[in-house]
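Whole structure, please, built from the sequences with the hints as guidance.
Line by line, the protein sequences give chains U and L. To convert, take the position in the first sequence, counting from 1, and add 10; that gives the numbering used here. To convert, take the position in the second sequence, counting from 1, and add 12; that gives the numbering used here.
These are calculated hints, taken from the structure and not from any lab test. One thing to keep in mind: the hints can contain errors.
Claimed, not checked - Pairwise CB distance ranges (calculated):
hint, chain 1, residue 1, chain 2, residue 2, range
1, U, Leu-33, L, Gly-125, 21 to 29 Å
2, U, Arg-173, L, Leu-104, 56 to 64 Å
3, L, Val-146, U, Val-247, 29 to 37 Å
4, U, Gly-198, L, Ala-21, 51 to 59 Å
To be verified - So, partial list: chain U residues that the calculated Cβ filter (under 8 Å) puts toward chain L:
hint, residue
5, Leu-227
6, Phe-260
7, Ser-274
Here a beta-carbon is modelled for each residue, glycine too, at the ideal position from N, C-alpha and C.
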Amino acid sequence: MMSKRLPGRPSSLRLPRPPAVALVCLGLFLLCCLFVPRFASFGNLENVLRVAAILCIVACGQAIVIILGGIEFSFGASVALASVVTVMALPAAGPIAGLAAGGATVIGVGAVNGWLVGRMGLPPVIATLGTLMIASGTAAWLVGGLPLDAPPSAAFSWPARGRVLGIPVPILAAMLACVVLHGLLAYGRIGRLWYHVGANPLAARLAGIDVARIILLGYAAAGAFCAVGAIILTSRVASGQPALAPNLPFETIAACAIGGLPLSGGRGHVLQVVFGVLTVAMLNNAVVLINLPVAWQLVLLGLAVLAAVGLQKDWAALKRLAGRATR
Amino acid sequence: MRPLSDSGARFLVAPASILAASALFGLATPGFLTLDNGLSIAGQIWILALLAVGQMFAITVRGFDISVGAVAALSGTLGVMAANAFGMPALLLAVPVGFACGTVNGWLVGRAGFQPIVATLGTLLAVKGLALLVTGDGQAVPLAAGDTAGLAFDAVIGLPPLGWAALACIALAHVLLRHLVLGRRILMLGSNPEAVALVGGAPWRIEMSAYQLCGAFAGLAGALMAARAGAGLPTEGAGMELQSIAAAVIGGTALAGGRANVWAVLAGAAFVQVVLTGLNLSGVSPFFAQIAVGAVIIASGLMDMGLRFLLSRLSRTFRQQGTFQ
Numbered sequence: 011m012m013s014k015r016l017p018g019r020p021s022s023l024r025l026p027r028p029p030a031v032a033l034v035c036l037g038l039f040l041l042c043c044l045f046v047p048r049f050a051s052f053g054n055l056e057n058v059l060r061v062a063a064i065l066c067i068v069a070c071g072q073a074i075v076i077i078l079g080g081i082e083f084s085f086g087a088s089v090a091l092a093s094v095v096t097v098m099a100l101p102a103a104g105p106i107a108g109l110a111a112g113g114a115t116v117i118g119v120g121a122v123n124g125w126l127v128g129r130m131g132l133p134p135v136i137a138t139l140g141t142l143m144i145a146s147g148t149a150a151w152l153v154g155g156l157p158l159d160a161p162p163s164a165a166f167s168w169p170a171r172g173r174v175l176g177i178p179v180p181i182l183a184a185m186l187a188c189v190v191l192h193g194l195l196a197y198g199r200i201g202r203l204w205y206h207v208g209a210n211p212l213a214a215r216l217a218g219i220d221v222a223r224i225i226l227l228g229y230a231a232a233g234a235f236c237a238v239g240a241i242i243l244t245s246r247v248a249s250g251q252p253a254l255a256p257n258l259p260f261e262t263i264a265a266c267a268i269g270g271l272p273l274s275g276g277r278g279h280v281l282q283v284v285f286g287v288l289t290v291a292m293l294n295n296a297v298v299l300i301n302l303p304v305a306w307q308l309v310l311l312g313l314a315v316l317a318a319v320g321l322q323k324d325w326a327a328l329k330r331l332a333g334r335a336t337r
Numbered sequence: 013m014r015p016l017s018d019s020g021a022r023f024l025v026a027p028a029s030i031l032a033a034s035a036l037f038g039l040a041t042p043g044f045l046t047l048d049n050g051l052s053i054a055g056q057i058w059i060l061a062l063l064a065v066g067q068m069f070a071i072t073v074r075g076f077d078i079s080v081g082a083v084a085a086l087s088g089t090l091g092v093m094a095a096n097a098f099g100m101p102a103l104l105l106a107v108p109v110g111f112a113c114g115t116v117n118g119w120l121v122g123r124a125g126f127q128p129i130v131a132t133l134g135t136l137l138a139v140k141g142l143a144l145l146v147t148g149d150g151q152a153v154p155l156a157a158g159d160t161a162g163l164a165f166d167a168v169i170g171l172p173p174l175g176w177a178a179l180a181c182i183a184l185a186h187v188l189l190r191h192l193v194l195g196r197r198i199l200m201l202g203s204n205p206e207a208v209a210l211v212g213g214a215p216w217r218i219e220m221s222a223y224q225l226c227g228a229f230a231g232l233a234g235a236l237m238a239a240r241a242g243a244g245l246p247t248e249g250a251g252m253e254l255q256s257i258a259a260a261v262i263g264g265t266a267l268a269g270g271r272a273n274v275w276a277v278l279a280g281a282a283f284v285q286v287v288l289t290g291l292n293l294s295g296v297s298p299f300f301a302q303i304a305v306g307a308v309i310i311a312s313g314l315m316d317m318g319l320r321f322l323l324s325r326l327s328r329t330f331r332q333q334g335t336f337q
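Given below as structure tokens:
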């Protein structure tokens, strides 16, 4: 049996010794400052952080799912569905309840995914791709495929445009999300169980853990992080858009992969997520500033994912491969 | 005698689902159960069928290929560009392009040890971006070399000529999977990777071949898509990877690997098309069809789990000899 209090922190939390992603991130930042025109201006950096903030909040959710050994593709669609639900609920319920309804939708989709993966034993790809289709179909169906404008109000636009002590709300929310995630992973009982289940589900079950419940809670918690992102995004676009953030799942998975979370699960630290997110946001920003076609964002993102995962494989194996290839 | 539980049941799900869906839609919509509609469905399934057969190879070696839709879009577009430059036959350049993408996937998964999802997600993003880049800004590239609409739509003995061509390719896939060494090895790798090494095969090479086949079929699907539309569509194919996975899994391809039947996968593709056409004829919103596809994917996954559970129950009474079929 597991004892109630375990000494020390789970080893899965330890960062890899040279935090490679931090160096990559810093290097990219310096490169961008030197070679990308207008990158290093205050306005642009704030803009990068704003974009990174939403990505970071959702990536925190993705990180939980990845630590559980899963993968979550339905974030983009559930954010779109949330925006539609929010705007449809606005006239009747007012901004706060409307946004809450949108957030609840995302958590609901996450919980369904968790149920399908945990209880029904579906592979995460199948479950989340299925709910992706269902959620985006429902979003488009509700509004007939066209964006629905929201009546402007101060409370409604606060999550995206408000400032607290001069700091934009999305950036504050992202910091808060990181702190909460770190708290859950490092100090929470549930976080330790997520690592346990992700590292070895069979062992977890043999240790008497209700694996299905832990997975369900993990996907629902991921949904909760994504819900915060959905509220900020909806508030920013001030409309219900059935095609709001189609690349969100890809970008969050890429951020986690670039940050060095192994997609086989069981390990991960919140700082890896943060640096991964910053890298993705800077790449996207640089592509726009250099005036390359936006499609380069996709190409670079894909290559970055492959490169990052490739570099995670131990260097010895890479060297062996290179040796064989040259022979 | 091989017990039914060993292989038969899972491959009967797709035909049974077609019958059930046809009966349902036949009751709900008067125009559904007509010969014309049947032929129209039969003319439309081939893009999905080719993608699903390719996906089947990837699933059989315990993987996934979520890049097939993007690969089809890129290879179809490049095929059209080649056809415009060098004449009609060059449209088939789509196949080597797809094969090349499959090679990248296969190398990453088989040799470099990437998880299939990560590898194909990376290529999905890169290939999607490339398809947009080669066309400037995602503009459709019209096929100037010749008119392919006749080949793609006018039925000759029931099917349009390109449908017959696709059927021939699918028959080839069946021969490959059932009767050639490579196909047997792919099935073997799916059911027991160690066994492949023990009989002297190179597991990574076989895994790579499976992804190469998947890519080549995606390329074929891209060529067919371009011929049907009369243009290369760089943004087409989003969502096709989901439909292809659904069709392959409904067609009895085991998610745990090692079990597949090409004809059942073809039936799975036909089932997805029957559902889409049926919903279309019933006059529901086209967005509802998307919801239905999502439900079909999840249902197919649940079916696979249910079958595995049931068959493992049943097969305890029969002593199974071979594990791969």
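> At the C-beta level, are Leu-33(U) and Gly-125(L) separated by a distance inside 21 to 29 Å?
Replying inline: holds, 24 Å
> Is the hint on Ser-274(U) kept, meaning its closest Cβ partner in chain L is under 8 Å away?
Replying inline: At 7 Å from the nearest chain L Cβ, Ser-274(U) passes the 8 Å test, so the hint holds.
>> If I claimed the Cβ atoms of Val-146(L) and Val-247(U) lie 29 to 37 Å apart, would that claim hold in this structure?
In response: The hint (29 to 37 Å, Cβ to Cβ) holds, given that Val-146(L) and Val-247(U) are roughly 30 Å apart.
> Against chain L, with CB atoms and a cut of 8 Å, does the hint on Phe-260(U) hold up?
Replying inline: holds, 6 Å
>> Please check whether Arg-173(U) and Leu-104(L) have a Cβ separation lying inside 56 to 64 Å.
In response: holds, 59 Å
>> Does the closest beta carbon of chain L sit nearer than 8 Å to the beta carbon of Leu-227(U)?
In response: The hint is violated - Leu-227(U) has no Cβ within 8 Å of chain L, the shortest such distance being about 21 Å.
> Do the beta carbons of Gly-198(U) and Ala-21(L) sit within 51 to 59 Å of each other?
Replying inline: Given a distance of about 45 Å, which is not inside 51 to 59 Å, the answer is violated.
Going down the numbered hints, you'll see the structure goes against 4, 5, while the others check out.
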